[in-house]
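> So the sequence lines, in the order shown, correspond to chains B, G, U and P. Every position in the first sequence, counted from 1, becomes a number in the working numbering once 386 is added. Every position in the second sequence, counted from 1, becomes a number in the working numbering once 386 is added. Every position in the third sequence, counted from 1, becomes a number in the working numbering once 386 is added. Every position in the fourth sequence, counted from 1, becomes a number in the working numbering once 386 is added.
Hints are computed from structural coordinates only; laboratory data are not their basis. Keep in mind that a hint or two might mislead.
[Stated by the list, open to error] EDC-like cross-link-like pairs, simulated, lysine to aspartate or glutamate; straight-line CA separation at most 16 Å:
#: 1; chain 1: P; residue 1: LYS702; chain 2: P; residue 2: ASP746
#: 2; chain 1: B; residue 1: LYS702; chain 2: B; residue 2: GLU686
#: 3; chain 1: B; residue 1: LYS490; chain 2: B; residue 2: ASP460
#: 4; chain 1: U; residue 1: LYS702; chain 2: U; residue 2: GLU686
#: 5; chain 1: B; residue 1: LYS702; chain 2: B; residue 2: ASP746
#: 6; chain 1: U; residue 1: LYS768; chain 2: P; residue 2: ASP613
#: 7; chain 1: G; residue 1: LYS768; chain 2: B; residue 2: ASP613
#: 8; chain 1: P; residue 1: LYS768; chain 2: U; residue 2: ASP613
#: 9; chain 1: G; residue 1: LYS496; chain 2: G; residue 2: ASP484
#: 10; chain 1: B; residue 1: LYS768; chain 2: G; residue 2: ASP613
#: 11; chain 1: P; residue 1: LYS702; chain 2: P; residue 2: GLU686
#: 12; chain 1: P; residue 1: LYS496; chain 2: P; residue 2: GLU513
[To be verified] Sample of chain B residues facing chain U (criterion: CB under 8 Å; computed from the structure):
#: 13; residue: VAL412
#: 14; residue: ALA621
#: 15; residue: LEU626
#: 16; residue: PRO629
The beta-carbon is built from N, C-alpha and C at its ideal position, and this holds for glycine as well.
Residue strings, one per chain:
Protein chains: 4
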Amino acid sequence: MTLHEEGAQKIAWARQNMPLLAGLRVTFERELPLAGRTVAMGLHVESKTAVLAELLVAGGASLTMTGSPGTTDDAVAEALRQDLGIRVLGQRSDSYADQLEHVKESLATKPDLIVDNGADLIAAVIESGQGGVFAATEETMSGALRLRGELSGRVPFPVIVVNDSPLKLIVENEKGIGPAVLDGFNRATNTIVAGRTFALFGYGTVGRSMARTLRADNATVLLVETDPIRALEAALDGMLVMPIEQALPLADVVITLTGRPGIVRAEHFGLLRDGVMLANVGHFSTEIDVDALRSAATSETVLAPHVVQYDLPTGKSVRLLARGEMLNLAAATGHAIEVMDVGFALQGHSVHALATRLGDFIAGDQLVPHSIDLTIATDILKTMPAARWAE
Amino acid sequence: MTLHEEGAQKIAWARQNMPLLAGLRVTFERELPLAGRTVAMGLHVESKTAVLAELLVAGGASLTMTGSPGTTDDAVAEALRQDLGIRVLGQRSDSYADQLEHVKESLATKPDLIVDNGADLIAAVIESGQGGVFAATEETMSGALRLRGELSGRVPFPVIVVNDSPLKLIVENEKGIGPAVLDGFNRATNTIVAGRTFALFGYGTVGRSMARTLRADNATVLLVETDPIRALEAALDGMLVMPIEQALPLADVVITLTGRPGIVRAEHFGLLRDGVMLANVGHFSTEIDVDALRSAATSETVLAPHVVQYDLPTGKSVRLLARGEMLNLAAATGHAIEVMDVGFALQGHSVHALATRLGDFIAGDQLVPHSIDLTIATDILKTMPAARWAE
Amino acid sequence: MTLHEEGAQKIAWARQNMPLLAGLRVTFERELPLAGRTVAMGLHVESKTAVLAELLVAGGASLTMTGSPGTTDDAVAEALRQDLGIRVLGQRSDSYADQLEHVKESLATKPDLIVDNGADLIAAVIESGQGGVFAATEETMSGALRLRGELSGRVPFPVIVVNDSPLKLIVENEKGIGPAVLDGFNRATNTIVAGRTFALFGYGTVGRSMARTLRADNATVLLVETDPIRALEAALDGMLVMPIEQALPLADVVITLTGRPGIVRAEHFGLLRDGVMLANVGHFSTEIDVDALRSAATSETVLAPHVVQYDLPTGKSVRLLARGEMLNLAAATGHAIEVMDVGFALQGHSVHALATRLGDFIAGDQLVPHSIDLTIATDILKTMPAARWAE
Amino acid sequence: MTLHEEGAQKIAWARQNMPLLAGLRVTFERELPLAGRTVAMGLHVESKTAVLAELLVAGGASLTMTGSPGTTDDAVAEALRQDLGIRVLGQRSDSYADQLEHVKESLATKPDLIVDNGADLIAAVIESGQGGVFAATEETMSGALRLRGELSGRVPFPVIVVNDSPLKLIVENEKGIGPAVLDGFNRATNTIVAGRTFALFGYGTVGRSMARTLRADNATVLLVETDPIRALEAALDGMLVMPIEQALPLADVVITLTGRPGIVRAEHFGLLRDGVMLANVGHFSTEIDVDALRSAATSETVLAPHVVQYDLPTGKSVRLLARGEMLNLAAATGHAIEVMDVGFALQGHSVHALATRLGDFIAGDQLVPHSIDLTIATDILKTMPAARWAE
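For reference, chain B alone in the conformation it holds in the complex (with noise of 0.2 Å):
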């Protein structure tokens, strides 16, 4: 199989699999929301971006597509260059000094939408000064965050911030996370859940789905959590909630997913029982520390494709999943089409709103409008089982 057909492959599967985006499309193509526009988006290069990407396309845009290093799939790039000419700038090799030149390229292009991860086209717009962007859309927390933060007051355009949503919330983080990361675990090592402890750190939305999702299969669950009214829930529904101290002595499989970085330290190291797993699935892979392991460590051993050895000066040794990234994301392949199709969903109609009604948005940060998590939510449950037992 060639790339392109790889590629191809990748992007039909994933498509077949996102009925959101699928009835989006009809919307776009007879609209055409987006002729005459030119987008720049920013979200990682993989099968299910590629079908937002097609989306967009689809609706008039011409499109430039930056992906990250280390996460762009090469064969979906190749597709999308071969099969809709988007100009997609980037490479699984790519550094990071690559990927500065990659959204100086972007800009180049003049974009007046831009479809943003992390806010990084944003800030380089903002730091630029060019003008000409009308709108745009944010995928992630840290892009939040960032525009909440450093861009607070900068942005003279408004950026409808995808990831506030309680759709996404309820799919992604509520229902989607848990067996996404279990997935990746599976992958990884292979080993058994049931009947095995695992001390999990951060009881918030994502680490409620894990927890749950790992006790309904019959594992032990630790928890450790410093907000207590989020430890008191973890407690009624059936996880032990420990202080650190009392909870690495006891696990076979440590999981940080608190969204803090320095959770799992140098001081707790001589806690860890030999031969314990650590996995991260919060978004910065400093919640374990991974630097300090490896200086710690008298010897460093690759014993599976994600999974490496650390042997303390203790005797002891610590095996780390997937170099401490996202586990779902470093070791699977991330959530599953339709939680995607949500997600993507929410920014489609997002892109469309603020290309056809500019004047209902302000500047800078906001909410995506109410009723478009409504719309999205009454267009999933007609594709839901119950609804086919009336027919």
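Dock chains G, U and P against chain B, hints included.
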């Protein structure tokens, strides 16, 4: 056993299972924050509220309790009168006219602090123009609605609404209600749950708790919910989301949990299966239109203490549980004792705060201070299992 | 309400929820398989057995029922006497001496068919040398053990042991017992399950059902089991398998379900937490050594109708539920009605087979013919939800 | 990485997660029970069986392994050859004709002990009349069926059938298979499970494990099962039991787990939803009639590496996963490593018993001695979490 002995035993059993109130009592006995205070309490008179009453008296209060028709536990009332000298107004057989008299009697004690239920005492104070009240607490959602509705802007003293505490939401709504209603269902019917089909109306916190409890016990749950985002969450939790017309003909048991009147109405009776059971968990006994059911029925038969059968002209019959009143309260003993310990610890801490640092509060309804939620959650965690595993 | 009315209502409610017996009744009324037969029944006299009694009478039997001390429901007995003319011997307040008299009276009716419980009537017939019995059924495990022990080789007529049916095993043990015991726990204590630690003894079918029910309701389950294969199954089901010495100091509630005496003994009392609850589900009230507990205690206090506190010389106290008798029966109303419908349908079909084709059976104890299990399972499935989804 | 390095890494990772085999190895190295023995093994050549092979060699055996076409992991084979000098016959691309040659080569080594799969080597020995074999073990159900069928009474040496061990039943079937198949489904499709409708065929131990796993992950499970007792158990587990004609039009995914051929046949294709996925878990790839599907299809398209779409003349299309072969093996890596550790510890202990106390066994097929099941279960429990809580 005498009525007094029965009441004393009930209170003692509740007291032994309320560690939060026991902890607060040490503080109240030492500090006497209510010394010289006259308190009027409007909560239902039963064993768990009796332990809260004990707390207030231990804190120095002169206390008058006004119960509600149909819910006053006469044994508990008798024990409170004899053992603590509390003035308890009313008995189970009271009419609503009787209760109005009791409210008047209660105000005649010139209370300076009110612990209210449904805002009945607060409303009476406002209507009467009587002064002297420096603060109040309100237990319920319906009281909160009155404070924000008809009483809005008219209450010159602070009212802490316990109902809206995030802690109460998690403990009572998310985790407490499902098992409590199941208890009521078991006592009322002694029939099986596993393998049966339940149609539930509403997927707010209460409906979600009920649905998850039933599914965990191997029932099939059909879910009727008009909000599409909640409906989607239900679907992703494994519930079969359906419109009412599709759900009713499939259900063995129908339960309303919406908080709104008129959910199951005369026009739906024809859709119900022969022998179906109907129950309600929402605060109002009007979610199922019981009057319409009585009107439509050709005969009415008591099948069991909490089950009445209505024969319909169609030849089918339906079985109404607990007259359409809250099944957990009417057929069982409400929430687990520890669940009420949380709710009443919120009351106790709120009363303490109002009595000792009134200047921190504004006139009108407001949330429980978040520090109280955190304090109580921390206290509960100390009593939870995991803590002892480190002993 | 009169005693008769109360009994009639209870029986009617049970009858309405026993579709299998209702179906069998049509056959019995048409065929009259017991016409001219004198039947002696030894099952507990309560509402569900009453429906089985009605079936036998509908089939033509002249019936005498002998209840057991402490379990006879006098209201049900009265209704059976008045409405069906059944001779019901005994009342709740009977002593064991009274019961021996009743067994004699029952044999004096010259029964030719016995429906037995614990093999009491069969043993009496064998001991007395009385002839005329052509067949019997036996409901319980303990009766089965007597038939295979002291009575082995001595019973000249067929005895079908209902207890050993695979259908009963699944419906009563695997699925029925957990929810029924939880019902008993709720009624006895009104305390919370979620977040609490239960130590269970035994992972046979009964222990497994209980453990899974508690875990599904968000408890932590510690499991003590001497058979390593069962213990491993428990571990893979998410239970924490431990030796007794490790489990007792961690448990909020201790439940025995082994079927063997002397599980929690005097030597263990010192390991229990202060305030722990002790309960038993096994057939014998000797799994917890209650006599030893009474001997050890410095005082004994009734905390609630089904809770007695024993203060130990160590300064700790323990709370015994339902005097160590089967919690589901003593504190609630036993299995769900539909569960007993299955057990009694096995009885009804077995009686029918014995009465109409005696030649198919051999002398002594034997299994329910497998065709009966299949027939009943098929009948139940017709009443299950899914069938109606096709309507 | 070279082929040898890849294989060595895979074996090392498996070895590190097989504590039971590690424990046995100490015994084998000390006692050398297979010193001077020539062993022929017929298991699939992959990383987990490699660890069993290492055990036999550590015990003194001269070992020849014969893999199967399509399942041999060439990297693992290479590592076994280079690192242990094991004679590994065959490679992934072999035909069945090649394999017959390999079986002959294996017999030519004059084995005196056989570790068989599907009774292929045993049958070849019997057919050839070759002597010298003193004992054998058999891994699979299909081998057991041959031993009890065509080979019945013809095998002059003991054969221990590992498949029938109660321990293996619980660990592999009841607990192992569900998560393993889910892993295969995730890898093959990356589509969502929660909220979806799965139609499962068969509620034996394998079907039950699969159904419970899917339901715990919030799917709706329709269950088709011809045995009414199993069907009833499924219903009481919360599955919707239905006839095939009712289930197929409702299902998003159809999975066969019956162990019998011809479950989903040409006559059913018209009932399937457009876009439905079809998968098999049963040992034979004939549960779904793939040949009939190919014949009926107007076109065939590869959608993803493990997904082929067949367009039917009705205008609908179906998506066959993993060509109808066992989804957990074909699309993922089979059971979790620890699950296979149990199955291979049964092998190792059985081999040890046959080699050291042959007199305890009779000719022909027989169960694993129960003492071995108990020993292994006890060993596993020592590695389970709870034991460490007492440290």
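> Next, verify each hint and record whether it holds.
Against the structure, the hints come out as follows:
The suggested pairing of LYS702 (chain P) with ASP746 (chain P) is violated, with an alpha-carbon distance near 60 Å, which exceeds 16 Å. Using a Cα cut-off of 16 Å, the hinted pair LYS702 (chain B) and GLU686 (chain B) holds, with the two alpha carbons roughly 12 Å apart. This hinted pair does not check out: LYS490 (chain B) and ASP460 (chain B) have alpha carbons roughly 20 Å apart, beyond 16 Å. Simply put, LYS702 (chain U) and GLU686 (chain U) have alpha-carbon atoms about 12 Å apart, close enough for the 16 Å limit, and the pair holds.
Under the criterion of a C-alpha separation no larger than 16 Å, the hint pairing LYS702 (chain B) with ASP746 (chain B) is inconsistent with the structure, at around 60 Å. With a CA separation close to 14 Å, the supplied pair LYS768 (chain U) and ASP613 (chain P) stays within the 16 Å bound. Our distance criterion of 16 Å between C-alpha atoms is met by LYS768 (chain G) and ASP613 (chain B), whose separation comes to about 14 Å. Annotation: proposed proximity of LYS768 (chain P) to ASP613 (chain U) holds, straight-line Cα distance about 14 Å (limit 16 Å).
Distance hint between LYS496 (chain G) and ASP484 (chain G) is unfulfilled; the C-alpha atoms sit about 20 Å from each other, more than 16 Å. A C-alpha spacing of about 14 Å is found between LYS768 (chain B) and ASP613 (chain G), which places the hinted pair at or below 16 Å, so the restraint holds. Of the pairs offered as hints, the one joining LYS702 (chain P) and GLU686 (chain P) holds, with about 12 Å between alpha carbons and a cut-off of 16 Å not exceeded. Between LYS496 (chain P) and GLU513 (chain P), the direct Cα distance comes to roughly 15 Å. Compliance with the 16 Å bound is thereby established for this hinted pair.
A distance limit of 8 Å between C-beta atoms decides the matter here; for VAL412 (chain B) the minimum to chain U is near 32 Å, and the interface restraint is violated. Given hint, ALA621 (chain B) at the interface with chain U, holds; its Cβ is 4 Å from that chain's nearest Cβ, closer than 8 Å. Because the beta carbon of LEU626 (chain B) sits about 6 Å from the nearest beta carbon in chain U, less than 8 Å, this interface hint is met. Checking PRO629 (chain B) against chain U: minimum C-beta separation of about 17 Å lies over 8 Å; hint violated.
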